[in-house]
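Same order as they appear, the protein sequences are chains A and B.
Residue numbers for the first sequence follow the UniProt record's numbering, beginning at 1 and rising by one.
Residue numbers for the second sequence follow the UniProt record's numbering, beginning at 1 and rising by one.
Simulated from the structure, these hints should not be mistaken for lab results.
Model, not experiment: these values are computed from the prediction.
One thing to keep in mind: the hints can contain errors.
It does not matter which identical chain is meant; a pair holds if it fits inside one copy or across any two.
Quick list of in silico lysine to aspartate or glutamate cross-link-like pairs, DMTMM-like style, CA-CA up to 25 Å [said to hold, decoys possible]:
| id | residue 1 | residue 2 |
| --- | --- | --- |
| 1 | K121 | E30 |
| 2 | K33 | E70 |
| 3 | K208 | D153 |
| 4 | K243 | D181 |
| 5 | K121 | D99 |
| 6 | K212 | D137 |
| 7 | K121 | E225 |
| 8 | K33 | E94 |
| 9 | K121 | D53 |
| 10 | K121 | E74 |
2 protein chains.
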Amino acid sequence: MTRYKATISYDGHGFAGFQRQPHARSVQEEIEKTLTRINKGQSVVVHGAGRTDSGVHALGQVIHFDLPEERDEEKLRFALDTQTPEDIDFIRVERVTEDFHSRYNKHSKTYEFLVDIGRPKNPMMRHYATHYPYPLDISLMQETIKRLEGTHDFTGFTASGTSVEDKVRTITEASLVFDSDRNFLVFTFSGNGFLYKQIRNMVGTLLKIGNKRMPVEQLERILAEKDRHLAGPTAAPNGLYLKEIHYEE
Amino acid sequence: MTRYKATISYDGHGFAGFQRQPHARSVQEEIEKTLTRINKGQSVVVHGAGRTDSGVHALGQVIHFDLPEERDEEKLRFALDTQTPEDIDFIRVERVTEDFHSRYNKHSKTYEFLVDIGRPKNPMMRHYATHYPYPLDISLMQETIKRLEGTHDFTGFTASGTSVEDKVRTITEASLVFDSDRNFLVFTFSGNGFLYKQIRNMVGTLLKIGNKRMPVEQLERILAEKDRHLAGPTAAPNGLYLKEIHYEE
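Take these sequences, add in the hints, and give me the full structure.
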């Protein structure tokens, strides 16, 4: 048995999310179908580092799977890239040791969130950025986003009813850049793990602050009081990208 | 009667082209349907500056149409923007004099052509850039593209069987930029008019030259001998954008 690690990208628009589920198209199932075909009909299970939600994109998701024999990495990458549907691409395939696990090996993740602030939106980007055509104080948002960096209990930014008990996470980078060519806001968040809907809730809150419908100080109240009702609305999934996963050596 | 000029953008992926045609979805028909509804059921005809082909996008197409009464420009823009399907956007609406004609008034057009040279491609851009994963000498292409500038007979770059007799056109700008962030080539062409499939044929030829499967000198031969068979293949429509139309005063 040989274990393979693969770095993949996909267009989340046509998927109900990464994870396999009944009666809905998932990234995991499409890749498992292709791998099983490549593996002469013997089923192959795929494990992903992150479970992206319906509509969320990936530029650098990491998965792993096992195959009975050793294969050439580039040939396997090419076969998977061309035989999976056109909304999934295989960037890299590497043989790894059997103790590698895409999800449980220590890693940090980087997410990007794109907001199209053009009036009107760019129609080519309607599935690939969230449209927000309202006034925004971008420098205020750039200052405010920095307060999310560091180690905090992010309970106030996660969806209620999450089963995870420990909601303390560390954000190593939280930044906001205005891309004037495209009229886009580009949010970047890196950290050792994010809670369910955490990034979309942080973005929704920052947009509300930038639009002056929420005071800046409320950000610290959300962290301190751990109350989801204080936070802004959940931003739509179409702007969110799982950009990169970095494993510790 | 009041004449309106509108600047629109659209995602060409879901359209059989700009122009109305039986049994196929067109940009013209969608806008005419919406305008007719706004005009209380009385039919309205839309004229476009350029007839983009199936799959070709627009960032700044210009159209004109007449309505019986005078309307507020911004209210009309907003109504059209929100009532047309989500793959069409209205950027600007202006009242113009009755002698304005989007197609016949003298104008220059700028087109952009995006080529994704990433290996593999960006799956989010598969309908919005043409994928070309082969080796390319970009500086050679940047030099060669300049030879297209100026006034030439472009017969060798148009589709055979075109009804237009005079195939002499002037290209005021032809340039190629490498966008290293996205791993994209961005071709830009400006001029007083382009022949049917001219830009896609010029891009296909430049890619063949950049890939060293065609000598640089052949570009001048195509212009001189006016022979379509000398040119490269027609590049796919998904990379082409009608970017801007500039009317002379």
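- Violated constraints from the hint list, given by number and in increasing order: 5 and 7
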